[in-house]
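> Those protein sequences? They're chains B and R, same order as listed.
For the first sequence, the working numbering gives the first residue as 1333, with consecutive numbering after it.
For the second sequence, the working numbering gives the first residue as 2, with consecutive numbering after it.
Because the hints were derived from the structure by calculation, they are not lab data.
Every residue, glycine too, gets a C-beta built ideally from N, C-alpha and C.
Some clues are possibly wrong.
[Claimed, not checked] Partial selection, computed: residues in chain R whose CB lies under 7 Å from chain B: (1) 139; (2) 142; (3) 143; (4) 146; (5) 151; (6) 202; (7) 231; (8) 234; (9) 235; (10) 277; (11) 278.
Listed below, chain by chain, are the residues.
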Amino acid sequence: MTSSPEPGTDTGSEPVDVTASRTVRWRWLRSYPVRRVLQGLITLFVVATFNFWLFRMLPGDPARLIARESRLSPEAFEQLRESFGLNEPAWSQYLTYLTKIVRFDTGISFKARMPVTDLLKPALSNTLILTGAALVLIFVFGLAFGIVAGWRRGTRTDTSLTLTALTLWSLPTFWVGLMLVLLFSISLGLLPVAGIRSVAAIYRTPFDELRDVLEHLVLPAATIAIVSVGSIALIMRNSLAEVADEDYMLAARARGLRPRTILWRYGVRNAFLPTFTLMALTLGLLMAGTIQTEVVFSWPGLGLLMYEAVQDRDLPLLEAAFFVIAVIVVIATTIADLFYSRLDPRIRSS
Amino acid sequence: MSAEGIVAEGAPTGRDRAGNQAPAVLGQLWRTGRGKIGLILLAVFVVYGVAGYLAYENPPAAGETVEDRFRAPSVDYLLGTDNLGRSVWEQLAVGAGISLAVGVAATAIAVLIGSTVGITSGYIGGRFDQFAMGITDMFITIPALPLIIVLAAVLSRGLPTIIVVIGVTSWAVPARLIRAEVLSQRERTFILRAKAIGMRPLQIMWTHVLPNVAGIVLANAILLTAAAILTEAVLAFLGLGDPSLISWGKMLQNAFSSGATSLGYWWVLIPPGLLITLLVLSFTLVGNALTDVIDPRRRAE
Chain B
1333 MTSSPEPGTD TGSEPVDVTA SRTVRWRWLR SYPVRRVLQG LITLFVVATF NFWLFRMLPG
1393 DPARLIARES RLSPEAFEQL RESFGLNEPA WSQYLTYLTK IVRFDTGISF KARMPVTDLL
1453 KPALSNTLIL TGAALVLIFV FGLAFGIVAG WRRGTRTDTS LTLTALTLWS LPTFWVGLML
1513 VLLFSISLGL LPVAGIRSVA AIYRTPFDEL RDVLEHLVLP AATIAIVSVG SIALIMRNSL
1573 AEVADEDYML AARARGLRPR TILWRYGVRN AFLPTFTLMA LTLGLLMAGT IQTEVVFSWP
1633 GLGLLMYEAV QDRDLPLLEA AFFVIAVIVV IATTIADLFY SRLDPRIRSS
Chain R
2 MSAEGIVAEG APTGRDRAGN QAPAVLGQLW RTGRGKIGLI LLAVFVVYGV AGYLAYENPP
62 AAGETVEDRF RAPSVDYLLG TDNLGRSVWE QLAVGAGISL AVGVAATAIA VLIGSTVGIT
122 SGYIGGRFDQ FAMGITDMFI TIPALPLIIV LAAVLSRGLP TIIVVIGVTS WAVPARLIRA
182 EVLSQRERTF ILRAKAIGMR PLQIMWTHVL PNVAGIVLAN AILLTAAAIL TEAVLAFLGL
242 GDPSLISWGK MLQNAFSSGA TSLGYWWVLI PPGLLITLLV LSFTLVGNAL TDVIDPRRRA
302 E
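Only chain R is shown next, with the shape it has when bound in the complex (with noise of 0.2 Å):
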């Protein structure tokens, strides 16, 4: 492409654009069902994660006696007790935080090696940009869950083991995104105007390349939120998780593992994939509306 076709455009500066979008682009969020319901979903988990984080312990006690487990929900168990006897409302309430820590710091960690490898890549080109893209192809490829469940099944079991897993298998798709995005930006007329008065490369990816993909970047983060919170249930599910914290896919472990599904025990079961498609949904919602918002050709008229 060349860039006297695109000179007449004069666009303005990478940092005018995004400081005067971020205002419009959530009043167009808002307008837009999915995001309106996805942002209000999110408040209220974000709520309840806290509240739930202030008000319990993690994990919450067992019962005293056998009698106390799998109770079914009553007047002094609102969701009934797991098969230690634990509280089923309590065991909710605190692993609202954990999901959202995990799917957050895990995003954020991919976030940041994608951008990296993105920007650098789209925009020094040539050769580097093939070996990047090379290895970021195959990363793409190697089916993620499984390379997940071998290094945390590898790794020191807890929290932070599963967060860095998390996310330095899923930085492969937004730093692809993101290379795309700045080798359209990479011709336009501010950046070459910033090369031509001699601004360093570096300094050119960060005043000018990131504020303009800061979009894309972010609707992307918040996808890869919601598919971060999903893995971390998986791992619990499949027994990988901490082992001394309680999350919703650790609950469903308990449940599975001690037999509720054969009895019927829907309590312990229904509540916490409630809440975990809820939240996944939320972040989804939010993340396709914003999506469509930025990218309007991809929006339904």
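Chain B extracted, bound-state conformation (with noise of 0.2 Å):
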């Protein structure tokens, strides 16, 4: 924490110098999108250097962390001081560190003994589909949500809607994903309790497989929808309340189109637009349910691993974890910023 202030400084430093080029040859440099590029590639270069000189300089070293875990012969423990390359200096080890992370080379697993790489790659794709899944979901009932509560403003309508959002926005996502499976696995015994799939499952046909999948995505899929419906429908509820105030809005409704024209064309089409962004602001939420619910329902995504490797003190593990969730959010949120300065000018120039 204590060096957390330091590298910002380093890199805080950099979009100014950019903007601050005044010569003709730069100035694509300025353009939003490369801007906005930038600033994602340094707020990983900023988390890099937090994990780098959180995990290598705070508690002592890793060595220790790890001789304190297993109990160490001085002999081994000297070598893995080495393996680590703790007896460098420190810029020295950063730089290297670096590299290794610009290489997708991100250590081996003190638990597995095996590349990171390696754990993190089917753990990714897991997530992945999870994440999608849920985003699905959403999506679909988040905007169906706010969109009846917005163009029914201050009827009782609203109030319930609102009042049922801001219930869903206040449950832990672990606990929901409890009380999922106590009620559908357990109690009804419809869905299956933990996993991506049936143990020892063999499968016919890959549509058997499909099936096998969904019916375990079913529950986690759900767990992460339900918390973060209601803040997605009071975004869309909001946006489509502002609008509605707008002069073509009124213009719509003189000129005598029918109600549903006027909200699909009008409305929803122009509350869209700040809906979309401040979802993706909500992607790091997201991750935040992604990671509860894969504890919870044993889904072997990113969020399990790191679970796992805390429990473990695998801190390689950890770390990489960490850094690749950082990753996804970083450009996923970049994509939805690019995404929503093509679609309104308004952002490229501010």
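Taking the hints as your guide, dock the two standalone chains into a single complex.
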């Protein structure tokens, strides 16, 4: 923690330098997409730097941490220090670390004794499957509820939908998962308790496998969606409510257009843009939900990997899983921002 | 924005405005249905938390025999016992105080950092503002929970660690909000007047800018508290909480890791989560209603 302002000072000045360059040759650097991508890269650089300092410099060093966990002999301890390059000066360790990250070499897991990358790859795709499924649910239901509440602003429907949304937001994600398991898997016996596939399953066709995975996917995806759907609905409701006061809405009404046409062609279309940006901002929150859900359902993704890394004090794995999650979120928010800026030119000029 | 256009508005001085508004805001808050439910719930939880802290030890004593484990609710044990034979009822009561304490303390840290960054950044402006907001945006982008997990896993386990870790990772959104508010206040008459009579920047920020952003800071702080309580529960559930204390998240961790879900022992699973939800909801309702009261544009009319 003490080190985090330091890397910030290094990097924060970079965008200023870029915008300050006045030669025409470098003008493209000031265009919005370039600035935005650069900002994302700087964020990742800061995360990597933070990781380095936190794990290597803070509580003793990793060798001592492992030694404390597993009672190593002095010789083994020295060997461990050597293998981490801990006898070299800090800045050279740091440079080595950064070049390794660029080459996707994130070290060896303490627990599994294999390259962290080999553990991350399958976990990453499993997490993306889960998050993707949850996103579809959130999108469909969140927008639908938001449109209904925003269009019937001030009515009882609106009030009760707003209250429901706030309640859903207040639910601890992991507990929703536990409750769904208790209800649908234990009491009703409808859906599997945990995992991504049935244990020792033999699939006759790829279709069988797909069905099995989908059955395992239902509850975890629903868990994430239930908690996040409320905030998306509220965002959509509020931006629709803001749009409703615009002049073009009044004009549309004055022209005698049907309410349904006004809602969809003028209201929802214009309210969707701000909703979309804010949704991108909640991606970090979505990852939080995913981590908890993966733990509850033993879904073999990045969140479960992080959880296991915490349990085993497997620092290289913990660090790498955190970095990959940061990469996902930074890439996703960058894409969303770029997409948004193409659709709404006002962003680019600001 | 030119200052001349706003001069005619004749804004009162900062302190007067904030001072007179407080009772009125509370009244308006009470009149919103959400605000009333939230405030009542909140009061109940505060009483419950204090009573639980005074009445029971944390952690409650374990059961004496193996038969005490996972007892179903009965007259002796209103809500049954957990995997170590500890009364669920007592654990719930001692957990309330932990949730409240962590929520409020972590928020205090976040608001302190957030207002310092937001006010100075918005007031000074220029390159400093660009730089400070660059860092703030970075903190908004970096996914909070993974960062919190990493910090909590590496630092020593304990309640102070959790409070600090949640606090230092959640100041970015309030900083942004407060900065936006300060920017809209900066060119107002009373600030310009204060500048004209030669008040120093720090003095102006303290006496004029701060009281005017207090409302939005408070509303946001209440919502932050809700989020902090949720985060504490998650950390405890993931086994990153204070190992020597019982909290609601810790109760759910005990239940989950001892297989209560598969055994269908609902009494160790439902009550803690329900209380977390209600406590978080009470803060959410008050915070949400307060935001609407302060910023009438968003009010559902």
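> So, for every hint listed, does it hold in this structure?
Hint-by-hint comparison with the structure:
1. 139: holds, 5 Å
2. 142: This hint holds: residue 142 of chain R lies near chain B, its Cβ roughly 5 Å from the closest one there, short of 7 Å.
3. 143: holds, 6 Å
4. 146: holds, 4 Å
5. 151: holds, 5 Å
6. 202: For residue 202 of chain R, the interface hint is violated, since the closest Cβ of chain B sits about 22 Å away, which is over 7 Å.
7. 231: holds, 6 Å
8. 234: holds, 5 Å
9. 235: holds, 6 Å
10. 277: Holds - the Cβ of residue 277 of chain R comes within 7 Å of chain B, reaching about 5 Å at its closest.
11. 278: holds, 5 Å
Hint 6 from the earlier list is the only one contradicted by this structure; the remaining hints agree with it.
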